[in-house]
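Please construct the entire structure, taking both the sequences and the accompanying hints into account.
So the sequence shown is numbered by full-length UniProt numbering: it starts at 1 and just counts up by one.
Worth flagging that the hints you see were computed from the coordinates, not collected in a lab. Treat the hints with care, since some could be wrong.
In silico lysine-lysine, BS3-like type, Cα no more than 27 Å apart, as pairs [said to hold, decoys possible]: (1) Lys266 with Lys134; (2) Lys208 with Lys134; (3) Lys145 with Lys134; (4) Lys115 with Lys266; (5) Lys347 with Lys145; (6) Lys115 with Lys208; (7) Lys208 with Lys46.
If you're wondering where the values come from, they're calculated on a predicted model, not measured in any experiment.
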Amino acid sequence: MGMKGRRRCDTSINTHLCSTTTMAPGDHLVAGSDMNLEKLMEILAKNDRSYTLGTDPSKLKGIPSEKCISAGKGFSSKIYRILLEADDGSHSVLVKIAGPQKMRHDDNDEVDLDKLEMIASVHNREVAFYEFAKNNVPDDLLLVKYFHGTQMNVADGMQGLIVMEDLTGKMMKEYKLGQGVGVNAVLSIFDTLAVLQVRSLLHQEQIKEQFQHNSKALHAIHSYVVYCCKELEKRNLPWFTENISDKCQANADPSNARQLLSPDAKYGDLGHVLVHGDLWPNNMIWQGNGGKPDLLAICDWQCTHAGNYTADIAAVMAVSMDGDNRRANEENMLGFYTKQMNKNLEKHGICTRLNLDTVRASYKNSLNYAILQLIMTVVTNPKDDVPLDGEEEGPLTKRLRTLVEDMF
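Structure below.
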């Protein structure tokens, strides 16, 4: 959501390890969650086509190793890599646990209920997204495979969790945010978004009811944008004037942000589509390809909402791409997206069609919110914004400057 250092991708690798070599009882609680080992094996047997170890915990060599891969990353959830081993093979899976390890508490325990409610709301939103995609989007998309999810309930002391595919063995060990995302990766993102968005149009009432804007998140983002704008003003950047800072802060006001993120008929009467809401490079999983990143999956759908069709398009291009690369390829990328949307609209019998002029106008309007996401990225990632030899600006600051020049 753009706060507390901007979350790193869900599958960053850490070294915390919890494992034992005792026999594996079925009632062993996986990573201290509410889910026991027998239940996990049943979930995998039912939902994971690559899983072959059966449902009997006694057939395993021991209690699975549980490696925390999110420690120190500022997540509201903890993510564990669970490795099950048997005589005839092994299998790994990720379990994402929302909320503190011990949700049930005594009256004397100090609990930040507002924080827990926020964690619950974003976790439950992510579960809802994956359930929607599982039931309504059979297409092969750039998503982490989802096997199971449970809602978090603060009042009842119930943890929430998600069981999903483990991609840690394929991903790059390090991705440099400052290097920018290339055109081919952006086009692959657009291809996935076009399929997902058109599928959304087939289920308008459901997504409008399930994926309303998160008011708490909008207020939190507003506060953080104001802070980040003030921090940028302190740098005395000649192009980030007080007037531009004021405009950005005004756009971050929850009522204005809600309007920017919502469908607007003057930019094409397309209706509500599912919007990722935080689509920047560290919410994408990458694998190495000759030193360059290839996109494996888009992850962290906690900010998903029903909104306008260019919100994610603007975020990808403004936040993820170097400014010069964005400028040089902007028209062709918008044309590709328009073509993919119309192809999917026709495929599903939807009469509406987009044209490049309308898409371009909607994109330009959506940049008014995307720039807020980039401002938060610049301020909270100084280590990725170190100037290269002979340059005065870091890559993220340069990215912001080119966007400011194009918008104001």
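**Request:** Please work out if lysine 115 and lysine 208 have their alpha carbons no farther apart than 27 Å.
**Result:** This hinted pair holds, its Cα atoms lying about 25 Å apart.
**Distance restraint between lysine 266 and lysine 134, which requires alpha-carbon spacing of 27 Å or less** = Distance ~32 Å between lysine 266 and lysine 134 Cα, so the pair is violated.
**Request:** Starting from lysine 347, check that the Cα of lysine 145 is at most 27 Å away, please.
**Result:** Holds, because 24 Å separates the two Cα atoms, which is no more than 27 Å.
**Item:** 27 Å Cα cutoff - pair lysine 115, lysine 266
**Value:** Outside the cut-off at roughly 38 Å; violated.
**Item:** Pair hint lysine 145 and lysine 134, alpha-carbon separation not exceeding 27 Å
**Value:** holds (9 Å)
**Request:** Verify the proposed pairing of lysine 208 with lysine 46, using a straight-line Cα cut of 27 Å.
**Result:** With a Cα-Cα distance of about 30 Å, the restraint between lysine 208 and lysine 46 is violated, given a limit of 27 Å.
**Message:** lysine 208 and lysine 134 were given as a pair; does the straight-line alpha-carbon distance stay at or below 27 Å?
**Reply:** holds (18 Å)
Violated hints, listed in ascending order, are 1, 4 and 7; each of the other numbered hints is respected by the structure.
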